[in-house]
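Generate the whole structure from the sequences, applying the supplied hints.
Residue strings, one per chain:
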Amino acid sequence: MAPTRREFLIIAGLSAIGAACPPLARIVAAKAKAPEVRAGLPGTPGSMSALKAKRWAMVVDAKRCIDDCQDCIAACHYVHNVPAIGNTKHEVKWIWPERFENIFPEESHTHIPDAMGKQLMPVLCNHCDNPPCVRVCPTGATFRRSDGIVMMDSHRCIGCKICMAACPYGARSINFMDPRPFIRKLNLDFPTRTKGVVEKCNFCEERLAKGLLPACVMACEQKAMVFGDAEDPNSKVRQILDKEFSIRRRPELGTNPQVYYIL
Amino acid sequence: MLEKALTGSNRYYGCVAILLAFFGMGVYFYLHELEFGLAVTGMSRDVSWGLYISQFTFLVGIAASAVMVVLPYYLHDYKAFGRITVLGEFLAIAAVIMCVTFIFVNLGQPARVLYVMFYPSLTSVLFWDMVVVSVYLVLNMITGWTVLSSVKEGVPPPAWVKPFIYLSIPWAFSIHTVTAFIYAGMPGRSFWLTAIMAPRFLAAAFASGPALLILLCFVLKRFGGFDAGKKAIDALATIVTYALIISIFFVLVELWTVFYSQVPDDMEHYRFLFRGLEGYNTIAHWMTVSVISAVIALVLLINPRTRKKESFLAIACVAVFFSLWIEKGLGLLVTGFTPSPMGHVTRYMPTGPEVAIAIGIWAMGFLIVTVLYKIFLAVREAEDL
Numbered sequence: 001m002a003p004t005r006r007e008f009l010i011i012a013g014l015s016a017i018g019a020a021c022p023p024l025a026r027i028v029a030a031k032a033k034a035p036e037v038r039a040g041l042p043g044t045p046g047s048m049s050a051l052k053a054k055r056w057a058m059v060v061d062a063k064r065c066i067d068d069c070q071d072c073i074a075a076c077h078y079v080h081n082v083p084a085i086g087n088t089k090h091e092v093k094w095i096w097p098e099r100f101e102n103i104f105p106e107e108s109h110t111h112i113p114d115a116m117g118k119q120l121m122p123v124l125c126n127h128c129d130n131p132p133c134v135r136v137c138p139t140g141a142t143f144r145r146s147d148g149i150v151m152m153d154s155h156r157c158i159g160c161k162i163c164m165a166a167c168p169y170g171a172r173s174i175n176f177m178d179p180r181p182f183i184r185k186l187n188l189d190f191p192t193r194t195k196g197v198v199e200k201c202n203f204c205e206e207r208l209a210k211g212l213l214p215a216c217v218m219a220c221e222q223k224a225m226v227f228g229d230a231e232d233p234n235s236k237v238r239q240i241l242d243k244e245f246s247i248r249r250r251p252e253l254g255t256n257p258q259v260y261y262i263l
Numbered sequence: 001m002l003e004k005a006l007t008g009s010n011r012y013y014g015c016v017a018i019l020l021a022f023f024g025m026g027v028y029f030y031l032h033e034l035e036f037g038l039a040v041t042g043m044s045r046d047v048s049w050g051l052y053i054s055q056f057t058f059l060v061g062i063a064a065s066a067v068m069v070v071l072p073y074y075l076h077d078y079k080a081f082g083r084i085t086v087l088g089e090f091l092a093i094a095a096v097i098m099c100v101t102f103i104f105v106n107l108g109q110p111a112r113v114l115y116v117m118f119y120p121s122l123t124s125v126l127f128w129d130m131v132v133v134s135v136y137l138v139l140n141m142i143t144g145w146t147v148l149s150s151v152k153e154g155v156p157p158p159a160w161v162k163p164f165i166y167l168s169i170p171w172a173f174s175i176h177t178v179t180a181f182i183y184a185g186m187p188g189r190s191f192w193l194t195a196i197m198a199p200r201f202l203a204a205a206f207a208s209g210p211a212l213l214i215l216l217c218f219v220l221k222r223f224g225g226f227d228a229g230k231k232a233i234d235a236l237a238t239i240v241t242y243a244l245i246i247s248i249f250f251v252l253v254e255l256w257t258v259f260y261s262q263v264p265d266d267m268e269h270y271r272f273l274f275r276g277l278e279g280y281n282t283i284a285h286w287m288t289v290s291v292i293s294a295v296i297a298l299v300l301l302i303n304p305r306t307r308k309k310e311s312f313l314a315i316a317c318v319a320v321f322f323s324l325w326i327e328k329g330l331g332l333l334v335t336g337f338t339p340s341p342m343g344h345v346t347r348y349m350p351t352g353p354e355v356a357i358a359i360g361i362w363a364m365g366f367l368i369v370t371v372l373y374k375i376f377l378a379v380r381e382a383e384d385l
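As you go down the protein sequences, you meet chains Y and D in turn. With my numbering as the guide, the letters of the first sequence map in order to residues 1 to 263. With my numbering as the guide, the letters of the second sequence map in order to residues 1 to 385.
What the hints contain is simulated information worked out from the structure, not anything from laboratory work. Hints may contain errors.
[What the hints assert, rightly or not] Taking lysine to aspartate or glutamate and the DMTMM-like style, the derived pairs with C-alpha atoms no more than 25 Å apart in a straight line are:
hint : chain 1 : residue 1 : chain 2 : residue 2
1    : Y       : 118       : D       : 46
2    : Y       : 89        : D       : 265
3    : Y       : 89        : D       : 35
4    : Y       : 236       : Y       : 147
5    : Y       : 195       : D       : 46
Only a predicted model underlies this, so the values are computations on that prediction, with no experimental measurement involved.
What follows is the structure, encoded as structure tokens:
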């Protein structure tokens, strides 16, 4: 039987309210589903071999780093299917070399030994405790996990690029074009991205979930990169930080970056 | 009333056809961008915003400036603006639609644009900007259309529309303030990290917006048989004059702080803006043009004899608009990214497709203005008969 005018209006009205409140519906649905979804993901509470920390952090010992070596970059960019675009304007990079004077411009002066001022060392996302990129993102596509890792959800990213403007470390890249043709060797264990989304270092959260240290740390034969829990006094990271003087990039901005450099 | 846009002179049809052609060109190149990605633009990893966001920023100002006719008329009962408040509101409608479109074409994943509403992030200024700009569009549609409808019926505007009009006044300030906050809240970009950004934006908006409105009134007088009235034009010119002076003052205040304090990072950006860095001085050349235009406009506007003469006023308004379009457009935007936080200088030059898309959006905006003003004229004509 066809609905009466009155019934039709009620249904139409309720539909309109429903359409206008998807966030509400989503919250309700997420609350209902949350436990089993979380339990099913590797690396989250419940899985066996995952590496866990209260606060993941990295130490880069620049004294050990060799100028021409690109091992950490090659390893990272392979495991994460980072495309080799080949031009600086559109390149995508998660970890890359910069000179001391560019990484620490405020510490740079004319009497710094030339070897140090020109030395290359790796830079990457600092996984800030107070990340400006997360603050500015209009969709929550980039977010901070409770263990400190600043993550990217490529499916949520709309490509507005405000995070790239907000990041004081230039750690973020957008896929100006379809990245897939530019991936040299495909790693089937990690997703590729599509054009128009932003990406960056994820502290190898997918490897931590499997009990593996980050690819760059493992690849470095000089042991110039150390990864661990900054909240755990017995971690390797803390053993170094408690002993040696370390600096961080632009700490005056209040972002509380978690990549420490020893020079 | 919409039917009034369908009939008109050959000149009107010709104008619409030309604007549609430019809009079509923009659509064609946008489809290109949609297929190949943002690589077809001049944007880069270091200069990750470009022409699109600069036009967005400038046009939010044009939209907000409608308040410069609405406020005097409704809050101070300044009668001379009675005939042109609707023109201001219609201009705001066109400007806001252009803003939204510029944001849209800047997205890497445009199909996901509604995620901003589906997954609102309350700490994001961009989210709030989308909210205030959308509401401002609706407010101006309601008030502009309702007021014009009452003109058509020959009755005073209904009482229910008044609250919307009053709300639109603070709302106009809010849209440009929030837009300034997009820039002024970024810790790593010292060029934008200044509390005067929002006041500067508003001052520039209240100069460039009314300047455009004066020019549009001149066009309507010449081709549409509608005279805004000398008093209204004089008052608008006074607003443009003061706003331009304040706008220039704000920039000088910035320059003093930066160059007297001599903080290197801050100075580098201004050096780039006015002189260029590492041989990249395209923006600096444009800024020279901007400064010269501003000086010409200032001279013509401050002198009452030239300000009150239509021909000189028209030149002054073009100069104001052009000067601020450069300063608040690519000047403000590209300089924030140059040098990059790591001290690198990456050249930004909009590409052909990027410019074509931007022209297409401007054509769309002018098309909306043309159609809305045509309706306005038709209603006014019928009223005057």
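To see whether the hints hold, each was checked on the structure:
no., hint, result
1, 118(Y) to 46(D), "holds (21 Å)"
2, 89(Y) to 265(D), "holds (23 Å)"
3, 89(Y) to 35(D), "holds (19 Å)"
4, 236(Y) to 147(Y), "holds (17 Å)"
5, 195(Y) to 46(D), "holds (18 Å)"
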